[in-house]
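S.K.: Each chain is listed here by its residues.
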Amino acid sequence: MEMLPAVVARDPHAVYSAQKMPVTPPRSLTELFLGFLSIGARSFGGVMPWAHRVIVEERRWMSPEEFTTIIGLCQFLPGPNVGNASIVLGKRWFGLKGSIVAFLGFFGLPFLWVLALASLYSEFALHPGVKSVVTGVAAAGAGLFIGTAIKLGKPIARKPWALVVLMACFIAVGIGRVSMLIVIPVAAVISYQLAKRGLL
Amino acid sequence: MNILLELGLYFSVLSLLSVGGMPSVIPEMHRYVVEARGWISHDDFIEMFALGQAAPGPNVLISSLIGWKIAGVPGALVTLAAMCGPAAVLSFWVAGVWDRLQGTPWRAVAQRAMAPMVVGLIMSGGFVLATPGGAPDWRLWLIAAGSAWAMVATKLNPLWMLAGGALGGALLL
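Note that the protein sequences, when read in sequence, are chains A and B.
Numbering-wise (the working numbering), the first sequence opens with residue -10 and increments by one.
Numbering-wise (the working numbering), the second sequence opens with residue 318 and increments by one.
Just so you know, these hints were derived from the structure itself, not from any lab.
Where hints are given, some of them may not hold.
Stated by the list, open to error - Below, simulated DSBU-like cross-link-like pairs (lysine-lysine); rule was C-alpha separation at most 30 Å, straight line:
| hint | chain 1 | residue 1 | chain 2 | residue 2 |
| --- | --- | --- | --- | --- |
| 1 | A | Lys143 | B | Lys472 |
| 2 | A | Lys143 | A | Lys185 |
| 3 | A | Lys185 | A | Lys140 |
| 4 | A | Lys140 | B | Lys472 |
| 5 | B | Lys472 | A | Lys120 |
| 6 | A | Lys148 | B | Lys472 |
Could you put together the complete structure from these sequences and hints?
M.R.: Written as structure tokens, this is what we have:
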């Protein structure tokens, strides 16, 4: 950042979009590993913004447009989005070796930390105050899910059939507690037929 | 059946069902490990979920915490590998195909078909987590509603909402 001209440095996003900075893919597996390590290690409160910061802004491995396309794919696929991105990007640059290295770099530290935190937590879990706090955090986490659903739902809220599919999934899975192993295949077939007819 | 084997197989299936990522399969994970198998209690599940949300890293680590609670460190490794593995293999294989599908009608139709399902599933996750045993508790709903509102209306880092939840929990619960 400090090497950029002062005129454009005020708006961090203008720099990357306006200047068309050259993008260079990682040169070595070590660089790939360290890049994904720094995404995993710093991603407090959500991984995606950090993936964008490291891959597009700090290391400039790819353009914002390419990044958006890759993330679109990874959100479409099942599984953790950025975990999938580590596989797809590792493969693009270094083949299978790259996928494995990026994946391990991404998960390594968060996996160790989360287990360390959980072990530490079980030492204090019996204290009644701790339990109230953790239950409150979980409720707020539940709220983040609802918030995510509202954000994702806004663009489709005007389509009546989309609301029918949405509510049917919610009633079956959330309230009826029907297994997703049944709900997903059934909903996917119905939803696909509706989408093909232009109703979604 | 060996519990690690069962965890591995079950989470592998969840991996392929996790359209839209980890949040979509939270209600199913809860249904299976708490309600159907009774391996851990609702409170255990909620605790692991809260820790997984508050710690840095991808939220798929919630699954390894649940595996840890059920079967220790081997459980944590097995659930993480199972939750990521099948999806990772699929990603590896699809990576090249996807670009060729760009602009084809099939891809657009599939994406539009998935959107309402994902929203319904994520909503279910929020509901199940905030409604222990299906019995509404206004205090939990209040905290959840506040955090949902903050997420929709502001650009705050979600950690602030979790901090608010911690405060709300300490005061109300």
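S.K.: All hints are to be evaluated individually against the structure, with a verdict given for each.
M.R.: Hints, one by one, checked against the model:
The straight-line distance between the Cα atoms of A/Lys143 and B/Lys472 is roughly 17 Å, inside the 30 Å bound, and the hint therefore holds. Between A/Lys143 and A/Lys185, the direct Cα distance comes to roughly 21 Å. Compliance with the 30 Å bound is thereby established for this hinted pair. A distance of roughly 24 Å separates the Cα atoms of A/Lys185 and A/Lys140; the hinted pair therefore holds under the 30 Å criterion. Taking the CA atoms of A/Lys140 and B/Lys472, the gap is near 12 Å; set against the 30 Å cutoff, the hint holds.
With a CA separation close to 28 Å, the supplied pair B/Lys472 and A/Lys120 stays within the 30 Å bound. A threshold of 30 Å between alpha carbons decides the hint, and for A/Lys148 with B/Lys472 the separation of about 27 Å falls inside it, so the pair holds.
Against the hints set out earlier in the document, no violation occurs for any number.
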